[in-house]
Amino acid sequence: MYDHRLNITRALHNDHLTTLALLEKLETTLRRIGPGNPPEKDDVMVSAILNDIRTVMEAEVTGHFAFEEEHLFPRFAEHVDHGIPMMLQGEHETIRPIAARLRELAIAALENGFDAASWAEFSDVGMELVEREVFHIQKEEMGFLPALDQIIDPEDDGELTMAYAEIGAK
Amino acid sequence: MGAQMRLLPPTLPFRFFGAAAVMHVAVWLAGFWAAEGIPAFSGGPGPVLAVIHILTLGVFGMTAMGAAFQLLPVATGVAHRSLVPVRLAWWLYLSGAVVLFYGFATSIHAAMLIGGIVVAAGFMVFLAVVASLLRRARTLPLQVRFAWVGLVSLLLLVVLGLALIEDLARGFLPDHQFVGLAHLILAAFGFMGMLTMGFSYILVPMFALSANPPGPEGSVSFFLALGAVAVGVAGALVGSAPLLGGAALLGAVASAAYIRAMLWSLRNGMRKNLGLSFVLIKAAWLMLPVCLVMGGAAAFGMLGEHGPVLFTFMLLFGWLLTFLMGILQRIIPFLAAMNMSKKGKKPPRLSELAEAAPLKIHAFCHALALIAVGSGIAFDSSNLIRGGAVAGVVGALAFLWFTVTVLRSYRDYHKESDGGSAPLNSATPVSNPNP
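Top line first, the protein sequences correspond to chains A and B. Numbering of the first sequence is given in my numbering, commencing with residue 1 and proceeding in unit increments. Numbering of the second sequence is given in my numbering, commencing with residue 171 and proceeding in unit increments.
Worth flagging that the hints you see were computed from the coordinates, not collected in a lab. Among the hints, a few may not be true.
Unchecked claim - Computed list of chain B residues with no C-beta within reach of chain A, every gap over 10 angstroms:
{"#": "1", "residue": "T181"}
{"#": "2", "residue": "W261"}
{"#": "3", "residue": "V288"}
{"#": "4", "residue": "A291"}
{"#": "5", "residue": "M294"}
{"#": "6", "residue": "L297"}
{"#": "7", "residue": "S302"}
{"#": "8", "residue": "L343"}
{"#": "9", "residue": "F393"}
{"#": "10", "residue": "L396"}
{"#": "11", "residue": "L433"}
{"#": "12", "residue": "P459"}
{"#": "13", "residue": "V479"}
{"#": "14", "residue": "P528"}
{"#": "15", "residue": "F534"}
{"#": "16", "residue": "D582"}
What the hints assert, rightly or not - Derived contacts from chain B toward chain A, CB cut-off under 8 angstroms, selection only:
{"#": "17", "residue": "V244"}
{"#": "18", "residue": "A245"}
{"#": "19", "residue": "G247"}
{"#": "20", "residue": "M440"}
{"#": "21", "residue": "R441"}
{"#": "22", "residue": "K442"}
{"#": "23", "residue": "N443"}
{"#": "24", "residue": "A507"}
{"#": "25", "residue": "S511"}
{"#": "26", "residue": "K516"}
{"#": "27", "residue": "P517"}
{"#": "28", "residue": "S521"}
Each residue gets a CB set at the ideal place from its N, CA and C atoms; glycine is no exception.
Could you put together the complete structure from these sequences and hints?
Right, dumping it as structure tokens:
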């Protein structure tokens with residue numbers, strides 16, 4: 001991947017790494033357990049992932065996505081290309097309800113554990129989120145962040161980094 | 171900046187990748203037909219030369235052109251100035267290649283010459299387009315350097331290729347076989363090798379979601395590979411086994427540095443589950459140093475009578491074809507899915523674009539074909555080669571099935587969301603983002 005020049009692109013990249021680490025753990029766990037066998041409520045590894053989903057997905061959807069849409073997509077559309085932000089925004093709109101549903105299921109499971117139906121849904125939604133979010137991040141890492149590095153000047157970089165920190169994404 | 175010049179209509183890269191998938195079937199079919207002459211092949215027109223060029227021009231060239239036209243603007247952030255040359259390159263290259271294959275297969279010199287000139291024209295348009303992108307690129311210096319060497323190699327291999335064709339009629343070259351070997355080294359290592367290594371430094375970290383390898387391996391692999399190609403071409407032109415052996419040694423060290431960098435990316439990437447495509451890619455990485463060692467040994471006559479053919483087979487089918495099939499099965503659905511984000515219609519997941527079964531069949535048959543054809547060459551058995559070619563055809567058909575399924579998913583998605591035909595040639599902002 002590209003070595004980022006700006007503080008803001010490095011911050012977004014680091015968020016991607018945090019999200020990816022969670023998705024990787026989620027995918028590995030879902031594959032290991034399988035959709036037909038709900039884990040025990042006291043499964044430590046599953047509980048840790050559920051807690052991570054609760055915090056990371058909240059930051060991802062409300063912080064990271066919203067910041068990109070408000071501050072970065074308009075700049076990108078103005079200076080580089082309007083099609084790419086439209087596509088990425090469309091993906092945000094696809095991912096948002098999936099992430100929200102997974103988070104709801106995680107919160108409910110932290111309280112009550114999983115039964116067969118809720119675990120099957122959690123597995124299905126989780127795998128869909130893994131696939132869509134990883135693909136989304138690959139595209140942002142390949143085309144979006146490197147281009148931002150070319151169009152944002154150092155002054156704007158400082159302002160954007162502060163604004164991102166204020167949103168408190170992750 | 172012209173967005174549409176950066177955002178290629180999907181039909182442009184898809185036509186190159188689709189052609190590569192079709193030619194892949196043709197290679198193995200032609201291999202079955204030419205099996206008798208393969209173990210003792212020593213150059214010259216005929217069915218075996220046609221097989222080699224269906225593979226190199228049909229599969230490798232098509233893949234390289236599609237990937238370069240699409241990926242370079244994406245990776246470097248530099249837009250195409252116009253898409254007319256891309257379309258021109260396609261038509262020249264495709265039509266010239268078909269005539270050239272016919273000329274090689276039938277030994278009709280006029281067809282070879284006309285096909286060769288038209289292919290050369292297609293390559294020159296490609297070269298001009300890619301050179302324009304590289305000249306304006308301000309990022310990815312290592313990858314850009316690899317691509318420049320690839321382009322210089324392409325220019326030289328085209329010159330030598332045309333000279334080889336004309337030599338068949340006039341006999342002006344001092345040694346046809348030596349020049350043929352230089353042409354092969356330039357094509358396989360100089361053009362395709364440098365491009366695949368350069369693109370690897372973009373694609374592998376992207377798919378594995380890793381940082382760029384931090385060590386000096388990238389630069390080391392570049393300079394050693396450049397040296398290996400230069401020494402190898404010189405050695406081939408003067409018929410010097412020590413120079414060829416030295417080139418193989420340099421190439422083996424270059425490949426070790428390159429593979430080390432790639433493995434670093436995989437180890438440090440956030441994505442561990444990279445699927446079947448990376449099984450093929452890793453197998454190709456294993457075969458690269460193996461074929462270089464074989465090349466060095468063949469230069470000194472240590473691999474026996476069929477050593478040079480075995481080396482050529484391992485180089486073209488073992489390393490390059492395996493690698494490109496691994497990459498193609500990743501980028502075809504990736505590219506299709508990137509063009510499936512329409513407002514009001516949820517895009518499919520990557521895994522929904524095509525079934526996994528054809529790729530499993532392809533991987534199994536490809537491995538079987540490599541083993542059978544390689545053994546057939548080593549033991550001078552045309553039956554083994556034919557058996558391997560049959561496995562290759564089955565695998566290639568499975569790969570074509572996979573490609574068609576992805577394209578059909580793409581078409582159906584746009585049909586359903588538009589209520590009409592898929593916008594394969596349009597470049598609307600939403601349906602043709604190609605970041």
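Do the hints match the structure? See the list:
1. T181: holds (16 angstroms)
2. W261: Label holds. Min Cβ-Cβ 26 angstroms, cutoff 10 angstroms.
3. V288: holds (34 angstroms)
4. A291: holds (31 angstroms)
5. M294: Per Cβ check, M294/B is outside 10 angstroms of chain A; nearest 29 angstroms; holds.
6. L297: holds (24 angstroms)
7. S302: holds (18 angstroms)
8. L343: holds (45 angstroms)
9. F393: holds (21 angstroms)
10. L396: Fine: 23 angstroms to the nearest Cβ keeps L396/B off the interface.
11. L433: holds (16 angstroms)
12. P459: holds (26 angstroms)
13. V479: holds (40 angstroms)
14. P528: Fine: 19 angstroms to the nearest Cβ keeps P528/B off the interface.
15. F534: holds (22 angstroms)
16. D582: holds (18 angstroms)
17. V244: With Cβ-Cβ at 5 angstroms, under 8 angstroms, it holds.
18. A245: Since chain A brings a Cβ to about 7 angstroms from A245/B, closer than 8 angstroms, the hint holds.
19. G247: holds (5 angstroms)
20. M440: With a closest approach of 4 angstroms, the M440/B hint holds.
21. R441: holds (7 angstroms)
22. K442: Because about 6 angstroms separates K442/B from the closest Cβ in chain A, which is inside the 8 angstroms limit, the hint holds.
23. N443: holds (6 angstroms)
24. A507: At 7 angstroms from the nearest chain A Cβ, A507/B passes the 8 angstroms test, so the hint holds.
25. S511: Interface hint status for S511/B: holds (4 angstroms vs cutoff 8 angstroms).
26. K516: holds (6 angstroms)
27. P517: Holds, because the Cβ-Cβ distance from P517/B to chain A comes to roughly 7 angstroms (cut-off 8 angstroms).
28. S521: Where the cut-off is 8 angstroms and the nearest Cβ of chain A is about 6 angstroms from S521/B, the hint holds.
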